[in-house]
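Chemist: What follows is the residue order along each chain.
There are 4 protein chains.
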Amino acid sequence: MQDLLQFYLVTRNQTEALCKPLKTEDYTPQSAEFASPPKWHLAHTTWFFEEMILKSYVENYQVFDDSYSFLFNSYYNSIGERIERKNRGLITRPSIEKVYAYREYIDKHMMELLKGTVSADLKKLTILGINHEQQHQELLITDLKYTFSCNPIYPKYSETNYISTKKQTSDWLEVPEGIYNIGHAGNGFCFDNELGRHRVFLEPYKISKTLVTNGDFIEFINDKGYQQAKYWLDDAWYWLQQNQVKSPLYWKLVNGVWHQYTLSGLQPVNPDAILTHVSYYEAAAYAFWAGYRLPTEFEWEVASKELDWGTVWEWTNSAYLPYPNFKIAKGAVGEYNGKFMVNLMVLRGASSATAKNHSRFTYRNFFSPNTQWQFSGIRLAK
Amino acid sequence: MQDLLQFYLVTRNQTEALCKPLKTEDYTPQSAEFASPPKWHLAHTTWFFEEMILKSYVENYQVFDDSYSFLFNSYYNSIGERIERKNRGLITRPSIEKVYAYREYIDKHMMELLKGTVSADLKKLTILGINHEQQHQELLITDLKYTFSCNPIYPKYSETNYISTKKQTSDWLEVPEGIYNIGHAGNGFCFDNELGRHRVFLEPYKISKTLVTNGDFIEFINDKGYQQAKYWLDDAWYWLQQNQVKSPLYWKLVNGVWHQYTLSGLQPVNPDAILTHVSYYEAAAYAFWAGYRLPTEFEWEVASKELDWGTVWEWTNSAYLPYPNFKIAKGAVGEYNGKFMVNLMVLRGASSATAKNHSRFTYRNFFSPNTQWQFSGIRLAK
Amino acid sequence: MQDLLQFYLVTRNQTEALCKPLKTEDYTPQSAEFASPPKWHLAHTTWFFEEMILKSYVENYQVFDDSYSFLFNSYYNSIGERIERKNRGLITRPSIEKVYAYREYIDKHMMELLKGTVSADLKKLTILGINHEQQHQELLITDLKYTFSCNPIYPKYSETNYISTKKQTSDWLEVPEGIYNIGHAGNGFCFDNELGRHRVFLEPYKISKTLVTNGDFIEFINDKGYQQAKYWLDDAWYWLQQNQVKSPLYWKLVNGVWHQYTLSGLQPVNPDAILTHVSYYEAAAYAFWAGYRLPTEFEWEVASKELDWGTVWEWTNSAYLPYPNFKIAKGAVGEYNGKFMVNLMVLRGASSATAKNHSRFTYRNFFSPNTQWQFSGIRLAK
Amino acid sequence: MQDLLQFYLVTRNQTEALCKPLKTEDYTPQSAEFASPPKWHLAHTTWFFEEMILKSYVENYQVFDDSYSFLFNSYYNSIGERIERKNRGLITRPSIEKVYAYREYIDKHMMELLKGTVSADLKKLTILGINHEQQHQELLITDLKYTFSCNPIYPKYSETNYISTKKQTSDWLEVPEGIYNIGHAGNGFCFDNELGRHRVFLEPYKISKTLVTNGDFIEFINDKGYQQAKYWLDDAWYWLQQNQVKSPLYWKLVNGVWHQYTLSGLQPVNPDAILTHVSYYEAAAYAFWAGYRLPTEFEWEVASKELDWGTVWEWTNSAYLPYPNFKIAKGAVGEYNGKFMVNLMVLRGASSATAKNHSRFTYRNFFSPNTQWQFSGIRLAK
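As they're listed, the protein sequences go chains R, G, W and Z. Residues in the first sequence are numbered from 1 upward in steps of one, following the UniProt record's numbering. Residues in the second sequence are numbered from 1 upward in steps of one, following the UniProt record's numbering. Residues in the third sequence are numbered from 1 upward in steps of one, following the UniProt record's numbering. Residues in the fourth sequence are numbered from 1 upward in steps of one, following the UniProt record's numbering.
Be careful, since some hints might not be right.
Note that the list lumps identical chains together, so a pair holds whenever it fits in one copy or between two copies.
Here are the simulated lysine to aspartate or glutamate pairs, DMTMM-like style, with alpha carbons at most 25 angstroms apart [what the hints assert, rightly or not]:
1) K382 with D192
2) K55 with D3
3) K20 with E97
4) K23 with E97
5) K23 with E104
6) K230 with E219
7) K330 with D235
8) K115 with E59
9) K123 with E112
10) K167 with D308
11) K206 with E194
12) K86 with E33
13) K156 with E97
14) K230 with E84
15) K356 with E159
16) K252 with E84
17) K327 with E203
18) K252 with E159
19) K327 with D223
Simulated from the structure, these hints should not be mistaken for laboratory data.
Take these sequences, add in the hints, and give me the full structure.
Modeler: The structure is reproduced here in structure tokens:
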């Protein structure tokens, strides 16, 4: 399985490449319950291979360290006790050196395993593990950005600031009514939540070919969008008041000019750049103010081939719910996606922080409607 | 408009009839942020007619009391300031006598108004006000039950306990795939959220002709359903742990036997009676444990003509979201339903506490998935 | 024991007299965890006689209602379970009529008992019960004021507003150093916390003969006293920020003029009247701003004979701690005062709401330093 | 000023010596709002010298880094904005290397300054800065212990576990009544809160010559001390229930045997060792259970010459309040101690983590009564 092995190694190396700019101090702290430390991402993705694959597929497999199952399990209740999510930043030991040794150890065993005969099951789990690690590559970036943003000296992570300034020409795509197929088809990898493939009927609709820009959103702010209840869902208004939200995340006024913290440091907001770091609440309020609405995830998927997407995750007006005939896998792997199917909204597309080879037009990302720390933006529909 | 006037008067009398068993002390206190006092329901429904109708349709209309707009507005931001929701139980004055005088005053003016020429707009608003009051009749009962349940002496409200013991014979209804029409049709009254009428495609499904009983649910409890994370959504498990939920609301073990507080007092749980007072979280966990799922609201609506419903609200697996072409009305009335369309789940049907003439198979009730205090139960699908 | 009986009856009648202006609706609701409803005060003081006296001293005594011990016990852990403090306002039943019947029943039994031979123990407990009821008379007033103040229509309770406008002439009392006796002496009644009588050494000090007025305090406000951290204790500053405190309790600016809610309704603040409804935090900040300090409880007690006190409780700079040789009584009565001796500050004197015959210069009142809802004011020392 | 310079350098080196066993990862995270990271202690103590001394005493002094005033100010409101206390653990940059460079830079300037003519004021501030750093040496140890204890693998910091096993022989010291002098005397250094020296009268008392041991306290646990409300102050009982406290901090049962996390790792509890890591609440409950009480801070100070103290801080029954004639210093230094004088209890003595040359029998340590993470124990009185 030369290809699988290579896919594995490329992905594993990429995770470590993302950590190159970090200092040792950056690996451990946790800035919010939702934002895990780099060390944790490095170890947790590794633990996934050990727990789900090596323990079962390697005879007499010697666990690297017994305590890691407790320390680096994320949410798999069926595997047993785990450290509280909010305490991930207190694990100063093992040191980062030790965690890199853990990665090396697991990689060595995975390489041996993948050089031999690879059963269909093993292949499937390995691909799942790789995709899982790709997901954490994006989280590593977004979580790091959040932590750095809490530091008043605004550290710089890289030269590229992850903000797209792609040129866009405003236009609408019209889609006629009809029965459409939704969900993943074919033999390629997909997550369980992209199945079962099924039919939906769509009434005719229009969807914007462009994404909302910073300049567009500044108009909303200037029109006192954040001060008027009438644009906001009831929960959104409460959230906004409780948290004193007055702009997208990372924005601040410096001498009357909007700036934003980026992974290249604090920079003036570029009005032509694509808006990002807004919550569903802000996306819905903006759409209402503008006289439009957000597309459903089905409208998005059907139109996706004609759209230019991939720079920001796009909030849809669909709640995260199972497709017809959605199946939950047996065992711990079954906890992957299904148990989150309530209280969350679906985002479609991908972002500038998404791993390469990790985008699909059937991909269903999902977060709580108050989430701002992902690279999330707005596309309108009507 | 004799019919309209009669509809108005019957509804208004019915609200007061529901209060007959109350003592003066029962009218004022509020037991939870979600559970308003009877006095508040009596006054708020009245205020709705004054604010939305009399102020506009009666020349030189004299407001009954200026402070009532502040005291008895519920959530209409566009109308101005209002008392905080959690403080509704502190309004010891006006006295209940005064609130009944308020009702009389409004009724007198509404009667005069409805005896004259009734424009289409006025008719529409009056019917909305009546339906609004009917909704509050159910809330009055469910809120009162919650307040009484906080009193260790378990007061009795009425002879009937609102728990259905209707005989049921287990059976499944099969529905073939196809395009179906969803939403309200015709000229009768409906709420804004039942529109626009539109088409959905349904994959083939089966839906139970019966509702889950207390006996069924006791099996789930006895199988340690509340103790095993694998049956529960992630948010549900957190909710259950935080609140130490171990049974449906109002249930308690007395010498090893399940009892429940009912509006007739504390009574043993009848295993043949239809289960009620469960949250969406419990409904979903039960369905998963039983090897089934909950129906979507669309599946429910399509099947509804063949189902026996109306004793408990039925949780569906649909999030509360706008239908295609959903329109928000102009003005304060526009705040009626639309602004709640996030984070809630849809319930279909009606309950033993629902007002007569207030049920429709297109009716969309909606509550947070942790809600237990409504008369809410479970129907399975697969 | 004619005197004791009369003392008992006068006190019991006085409690009911205080309730004369109330409507039935006013008896039940609870506006804060610290503010109990009138019904609760009426019943709890009655329960005290039943629980501590009648159950032990009357043979075959028939409890009025078994559930009352649960409903109307305040904090006596040794007596068993009790309703959660924050839920006292949900006890709509028993009705207030029933609670008055309870009082009558207990009074009848107490009268019989006190007409017979009264042992020293019984006398002691009866006097304790009477004093306990007198304490609740003051709480009844202060709690009611708090509840009424939550009602935007500001109900009026009585013609007298409980705010003292006594004329004062500024002057200082000098007290020389020396050993002084502190604590209750003689055979009259006192609470356990006024004992043991003991000696303290006081360095020489001066104490003001007058109390701080509203006018004095407005100077502090106008000097931006609430906006400058330097005047405030660290905990005080945090409290002030969290609760957005900007004035004494019940004060509000109406068109630029300070008004206060009083038991006679909303009234302009009289600058010559004695300041009340300030917390220890505000008292300490004011004293610091003014260049003085608060007296200790020992300084207060020693000086008290030369002072004019009794219109407001006076915050001292003493924490509420046991005197040397303080003894905790056996049984439930032992929970009376001792278990609160941490985190609280002592107030000395009495207020316009204190029951007659319930003041002593050795009396130690005590509340949390953030307490505003008592009639509490400021006397300076240096 | 050779002595002062040497005192300065010894202290500064000692802080760094305490950090020798740390890995880079250990320097940054914060495990609780009260427990600051080592990096913060290293930088904050350094900032104190820069802010309070170098800025004023060195002409044209060049600040090391402008942002440090914001990052490493603790609570001096008068100096300006500062990072929120709970976010100290998110300061991954500056790196620890940079913080050591900061220390070197400040030390270089302080050395130059102290080699020249040293005014009385400069000397006073330098000695304050040294004592301040000594205080943080103890906090560095106690905070680190708390952070390490949150890590399920229980890291080891040093060979010595900071738990005293000194032999003790039970005995009581009798102290006669009399007027005693309290507070610091002489020209040596003391904190502002140890002044003004004043007289107190003490009633006769007895104070134990020994400290409570682990074995003593296990008796209290075994007698169900943590399960019976009667031993506890009311606030204490609430605290215990809310936090499910069942033993001193760091204790856990392993196979029925009490173990404790120490700075040498998890170890069995030695019954002969001196008890530590109990709160005031536990100290008071233990004393009550044992039939004794805690001494006041005055009783402690008077007896101290005859006592063997210094292994654990000893809770007293005195609230932390100003002495007569307590003076608050002008400027930022005035915020040192005075503003904490409410809601805290005094501890006397010193602990095994206290810096050498930092103990005095007049020293007043103070913490909230629920504090367990300091090395705090129990001495009885009667």
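Chemist: Hint by hint, say whether it matches the structure.
Modeler: How the hints compare with the structure:
Proximity of K382 to D192 under the C-alpha cut-off of 25 angstroms is restricted to the inter-copy arrangement: shortest distance 18 angstroms between copies versus 30 angstroms within a copy. In this homomeric assembly, K55 and D3 come within 25 angstroms of each other (Cα to Cα) only inside a single copy, at 23 angstroms, whereas the closest approach across copies is 63 angstroms. Taking the closest pair of Cα atoms, K20 and E97 come within 25 angstroms of each other both inside a single copy (13 angstroms) and across two copies (18 angstroms). When the C-alpha separation of K23 and E97 is checked against a cutoff of 25 angstroms, the pair qualifies both within a copy, at 12 angstroms, and between copies, at 11 angstroms.
Taking the shortest Cα distances, K23 and E104 sit within 25 angstroms of each other both inside one copy (20 angstroms) and across copies (21 angstroms). For the homomeric pair K230 and E219, the shortest alpha-carbon distance inside one copy (17 angstroms) is at most 25 angstroms, but the shortest distance between copies (42 angstroms) is not. Within a single copy, K330 and D235 get their C-alpha atoms only as close as 36 angstroms, which misses the 25 angstroms cut-off; across copies the closest is 21 angstroms, which meets it. For the identical chains of this complex, K115 and E59 are intra-copy neighbours only, at 15 angstroms inside a copy versus 70 angstroms across copies, given an alpha-carbon limit of 25 angstroms.
Taking the shortest Cα distances, K123 and E112 sit within 25 angstroms of each other inside one copy (14 angstroms), while across copies they are farther apart (68 angstroms). Proximity of K167 and D308 under a CA criterion of 25 angstroms is satisfied intra-copy only: 11 angstroms inside one chain copy versus 57 angstroms between copies. Both within a single protomer and between protomers do K206 and E194 lie at most 25 angstroms apart by alpha-carbon distance, with minima of 24 angstroms and 22 angstroms respectively. Taking CA atoms no more than 25 angstroms apart as the test, K86 paired with E33 passes in both settings, with 5 angstroms inside one copy and 14 angstroms between copies.
Taking CA atoms no more than 25 angstroms apart as the test, K156 paired with E97 passes in both settings, with 23 angstroms inside one copy and 18 angstroms between copies. For the homomeric pair K230 and E84, the shortest alpha-carbon distance between copies (18 angstroms) is at most 25 angstroms, but the shortest distance inside one copy (39 angstroms) is not. For a Cα distance limit of 25 angstroms, the shortest separation of K356 from E159 inside one copy, 19 angstroms, qualifies, whereas the shortest one across copies, 49 angstroms, does not. With identical chains, the CA atoms of K252 and E84 are at most 25 angstroms apart between copies only, with a shortest distance of 18 angstroms across copies and 32 angstroms within one.
Taking the closest pair of Cα atoms, K327 and E203 come within 25 angstroms of each other only across two copies (15 angstroms); inside a single copy the shortest separation is 28 angstroms, beyond that limit. Proximity of K252 and E159 under a CA criterion of 25 angstroms is satisfied intra-copy only: 21 angstroms inside one chain copy versus 49 angstroms between copies. Within a single copy, K327 and D223 get their C-alpha atoms only as close as 46 angstroms, which misses the 25 angstroms cut-off; across copies the closest is 23 angstroms, which meets it.
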